[in-house]
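Engineer: The sequence shown begins at 1 in our numbering and counts up one residue at a time.
Note that these hints are calculated values from the structure, not bench results.
Incorrect hints may have been included.
Claimed, not checked - Simulated crosslink set (EDC-like; lysine to aspartate or glutamate; CA at most 20 Å straight-line):
1) 68 / 24
2) 70 / 13
3) 68 / 27
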Amino acid sequence: MKLAHYQIEHIREWISMQNIWYDEIKDELLDHMVCAVEEQMEFREVNFADALAQVCSEVNPQKLQRQKLKYEHLKTLKDTLGEMLKLKAVKALGLIASLSILVALGNIGTSPSTILKLYMFLTIVSVFAISASFLFRLRGKNPLSNIYVVSRSNTIISSSLIIISLTDIFLDDWLMNHTVFLFMFMGLLTWYVISGLMVLNDSYNHHRHATH
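Given these sequences and hints, build the entire structure.
Structural biologist: What follows is the structure, encoded as C-alpha coordinates:
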(Lines of atoms letter the chains of each structure in order from A and count residues from 1; the text may use other names and numbers.)
(Lines give C-alpha, C1' and ligand atoms only; values in the text may rest on other atoms or scores of the structure.)
Protein backbone atom coordinates (compact mmCIF):
# COMPACT_ATOMS: atom_id res chain seq x y z
CA MET A 1 0.00 0.00 0.00
CA LYS A 2 1.48 3.30 -1.09
CA LEU A 3 0.97 6.43 0.98
CA ALA A 4 -0.66 9.51 -0.50
CA HIS A 5 1.38 12.67 -0.93
CA TYR A 6 -0.35 14.45 1.99
CA GLN A 7 0.43 11.48 4.26
CA ILE A 8 4.12 11.60 3.35
CA GLU A 9 4.08 15.34 4.01
CA HIS A 10 2.55 14.65 7.43
CA ILE A 11 5.47 12.35 8.24
CA ARG A 12 7.92 14.95 6.92
CA GLU A 13 6.34 17.55 9.19
CA TRP A 14 6.76 15.24 12.22
CA ILE A 15 10.43 14.75 11.35
CA SER A 16 10.97 18.51 11.01
CA MET A 17 9.79 18.92 14.62
CA GLN A 18 12.44 16.54 16.01
CA ASN A 19 15.34 19.05 16.02
CA ILE A 20 17.41 16.93 13.65
CA TRP A 21 20.47 18.77 12.38
CA TYR A 22 21.54 16.68 9.41
CA ASP A 23 19.54 16.61 6.18
CA GLU A 24 20.87 13.10 5.46
CA ILE A 25 19.24 11.82 8.66
CA LYS A 26 15.96 13.51 7.77
CA ASP A 27 15.94 11.89 4.33
CA GLU A 28 16.88 8.45 5.69
CA LEU A 29 14.31 8.71 8.45
CA LEU A 30 11.60 9.77 6.00
CA ASP A 31 12.28 6.77 3.73
CA HIS A 32 12.33 4.40 6.70
CA MET A 33 9.12 5.76 8.24
CA VAL A 34 7.21 5.79 4.95
CA CYS A 35 8.10 2.13 4.32
CA ALA A 36 7.31 1.17 7.92
CA VAL A 37 3.92 2.91 7.88
CA GLU A 38 3.03 1.28 4.56
CA GLU A 39 3.90 -2.15 5.99
CA GLN A 40 1.84 -1.50 9.12
CA MET A 41 -1.19 -0.46 7.09
CA GLU A 42 -0.89 -3.41 4.70
CA PHE A 43 -0.11 -6.28 7.03
CA ARG A 44 -1.76 -5.16 10.26
CA GLU A 45 -4.69 -3.54 8.46
CA VAL A 46 -4.65 -0.39 10.59
CA ASN A 47 -5.36 3.17 9.50
CA PHE A 48 -2.68 5.75 8.77
CA ALA A 49 -2.89 7.51 12.13
CA ASP A 50 -2.46 4.29 14.14
CA ALA A 51 0.34 3.05 11.89
CA LEU A 52 2.19 6.36 12.17
CA ALA A 53 1.79 6.43 15.95
CA GLN A 54 3.29 2.95 16.19
CA VAL A 55 6.23 3.82 13.94
CA CYS A 56 6.88 7.09 15.80
CA SER A 57 7.08 5.19 19.07
CA GLU A 58 9.74 2.88 17.61
CA VAL A 59 12.12 5.34 15.95
CA ASN A 60 14.77 7.25 17.89
CA PRO A 61 15.89 10.33 15.91
CA GLN A 62 18.28 11.51 18.62
CA LYS A 63 20.11 8.18 18.64
CA LEU A 64 20.58 8.45 14.88
CA GLN A 65 21.87 11.98 15.31
CA ARG A 66 24.36 10.96 18.01
CA GLN A 67 25.68 8.24 15.71
CA LYS A 68 25.99 10.77 12.89
CA LEU A 69 27.83 13.23 15.13
CA LYS A 70 30.26 10.53 16.24
CA TYR A 71 30.85 9.60 12.61
CA GLU A 72 31.47 13.24 11.63
CA HIS A 73 33.92 13.77 14.52
CA LEU A 74 35.91 10.67 13.57
CA LYS A 75 35.83 11.61 9.88
CA THR A 76 37.12 15.09 10.68
CA LEU A 77 40.04 13.62 12.63
CA LYS A 78 40.73 11.17 9.81
CA ASP A 79 40.64 13.95 7.21
CA THR A 80 42.96 16.09 9.35
CA LEU A 81 45.48 13.27 9.75
CA GLY A 82 45.25 12.66 6.01
CA GLU A 83 45.88 16.34 5.36
CA MET A 84 48.96 16.18 7.61
CA LEU A 85 50.53 13.74 5.16
CA LYS A 86 50.30 16.27 2.33
CA LEU A 87 53.12 18.76 1.92
CA LYS A 88 51.69 22.15 1.00
CA ALA A 89 53.36 25.54 0.86
CA VAL A 90 50.95 27.23 3.26
CA LYS A 91 51.58 24.60 5.93
CA ALA A 92 55.34 24.74 5.45
CA LEU A 93 55.33 28.55 5.69
CA GLY A 94 53.14 28.47 8.79
CA LEU A 95 55.41 25.92 10.43
CA ILE A 96 58.59 27.83 9.55
CA ALA A 97 57.12 31.13 10.77
CA SER A 98 55.92 29.77 14.11
CA LEU A 99 59.13 27.87 14.86
CA SER A 100 61.26 30.86 13.81
CA ILE A 101 59.48 33.02 16.35
CA LEU A 102 59.96 30.41 19.06
CA VAL A 103 63.66 29.97 18.23
CA ALA A 104 64.09 33.75 18.31
CA LEU A 105 62.51 33.85 21.76
CA GLY A 106 64.91 31.13 22.89
CA ASN A 107 67.90 33.06 21.54
CA ILE A 108 67.05 36.14 23.59
CA GLY A 109 67.00 34.12 26.78
CA THR A 110 63.33 33.23 27.15
CA SER A 111 62.94 30.09 29.26
CA PRO A 112 61.56 26.89 27.65
CA SER A 113 58.64 26.98 30.10
CA THR A 114 57.66 30.49 29.01
CA ILE A 115 58.05 29.58 25.34
CA LEU A 116 55.79 26.53 25.72
CA LYS A 117 53.08 28.42 27.62
CA LEU A 118 53.17 31.29 25.13
CA TYR A 119 53.01 28.84 22.23
CA MET A 120 50.04 26.99 23.73
CA PHE A 121 48.21 30.27 24.40
CA LEU A 122 48.77 31.56 20.86
CA THR A 123 47.75 28.20 19.38
CA ILE A 124 44.46 28.18 21.30
CA VAL A 125 43.72 31.81 20.36
CA SER A 126 44.53 31.15 16.69
CA VAL A 127 42.33 28.04 16.49
CA PHE A 128 39.38 29.82 18.12
CA ALA A 129 39.79 33.00 16.06
CA ILE A 130 40.12 31.30 12.67
CA SER A 131 37.30 28.83 13.40
CA ALA A 132 35.09 31.70 14.54
CA SER A 133 35.78 33.56 11.29
CA PHE A 134 34.29 30.66 9.29
CA LEU A 135 31.24 30.48 11.54
CA PHE A 136 30.78 34.27 11.39
CA ARG A 137 30.55 34.10 7.61
CA LEU A 138 27.72 31.57 7.96
CA ARG A 139 25.66 33.79 10.26
CA GLY A 140 23.03 34.64 7.62
CA LYS A 141 22.18 31.04 6.84
CA ASN A 142 19.80 28.63 8.55
CA PRO A 143 21.63 27.55 11.77
CA LEU A 144 20.70 23.89 11.32
CA SER A 145 22.11 23.87 7.79
CA ASN A 146 25.49 24.98 9.17
CA ILE A 147 25.93 22.00 11.49
CA TYR A 148 28.33 20.28 9.07
CA VAL A 149 30.85 23.11 9.42
CA VAL A 150 30.08 23.68 13.11
CA SER A 151 30.69 20.04 14.05
CA ARG A 152 34.00 20.02 12.16
CA SER A 153 35.03 23.25 13.85
CA ASN A 154 34.17 21.79 17.26
CA THR A 155 36.24 18.67 16.53
CA ILE A 156 39.31 20.67 15.53
CA ILE A 157 39.02 23.02 18.52
CA SER A 158 38.35 20.27 21.08
CA SER A 159 41.08 17.96 19.78
CA SER A 160 43.63 20.81 19.90
CA LEU A 161 42.58 21.67 23.46
CA ILE A 162 42.82 18.03 24.53
CA ILE A 163 46.33 17.69 23.08
CA ILE A 164 47.47 20.89 24.80
CA SER A 165 45.83 19.98 28.12
CA LEU A 166 47.26 16.46 28.23
CA THR A 167 50.70 17.76 27.31
CA ASP A 168 50.54 20.38 30.05
CA ILE A 169 49.50 17.77 32.63
CA PHE A 170 51.74 14.83 31.74
CA LEU A 171 54.66 16.05 29.62
CA ASP A 172 55.37 19.59 30.77
CA ASP A 173 58.32 18.79 33.08
CA TRP A 174 59.77 16.23 30.65
CA LEU A 175 59.66 18.64 27.72
CA MET A 176 61.39 21.32 29.80
CA ASN A 177 64.38 19.00 30.15
CA HIS A 178 64.39 17.86 26.52
CA THR A 179 64.41 20.99 24.36
CA VAL A 180 64.72 19.10 21.07
CA PHE A 181 61.52 17.18 21.78
CA LEU A 182 59.87 20.40 22.93
CA PHE A 183 60.37 21.96 19.50
CA MET A 184 59.38 18.69 17.79
CA PHE A 185 56.12 18.70 19.75
CA MET A 186 55.39 22.32 18.87
CA GLY A 187 56.19 21.62 15.23
CA LEU A 188 53.86 18.62 15.08
CA LEU A 189 51.05 20.45 16.85
CA THR A 190 51.44 23.42 14.50
CA TRP A 191 51.28 21.06 11.51
CA TYR A 192 48.17 19.39 12.99
CA VAL A 193 46.40 22.69 13.66
CA ILE A 194 47.16 24.09 10.19
CA SER A 195 45.99 20.82 8.60
CA GLY A 196 42.78 20.90 10.65
CA LEU A 197 42.06 24.48 9.66
CA MET A 198 42.65 23.60 5.99
CA VAL A 199 40.11 20.78 6.34
CA LEU A 200 37.71 23.27 7.92
CA ASN A 201 38.29 25.69 5.03
CA ASP A 202 37.54 22.96 2.48
CA SER A 203 34.38 22.03 4.43
CA TYR A 204 33.28 25.67 4.52
CA ASN A 205 33.78 26.10 0.77
CA HIS A 206 31.92 22.84 0.05
CA HIS A 207 29.01 23.90 2.27
CA ARG A 208 28.90 27.41 0.78
CA HIS A 209 28.71 26.10 -2.79
CA ALA A 210 26.14 23.43 -1.83
CA THR A 211 23.78 25.98 -0.24
CA HIS A 212 23.93 28.57 -3.05
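Engineer: If a hint holds in the structure, say so; if it doesn't, say that too.
Structural biologist: Here is what the structure says about each hint:
1. 68 / 24: 9 Å, holds
2. 70 / 13: This hinted pair is violated, its Cα atoms lying about 26 Å apart.
3. 68 / 27: 13 Å, holds
Checked against the numbered hints above, the structure violates only hint 2.
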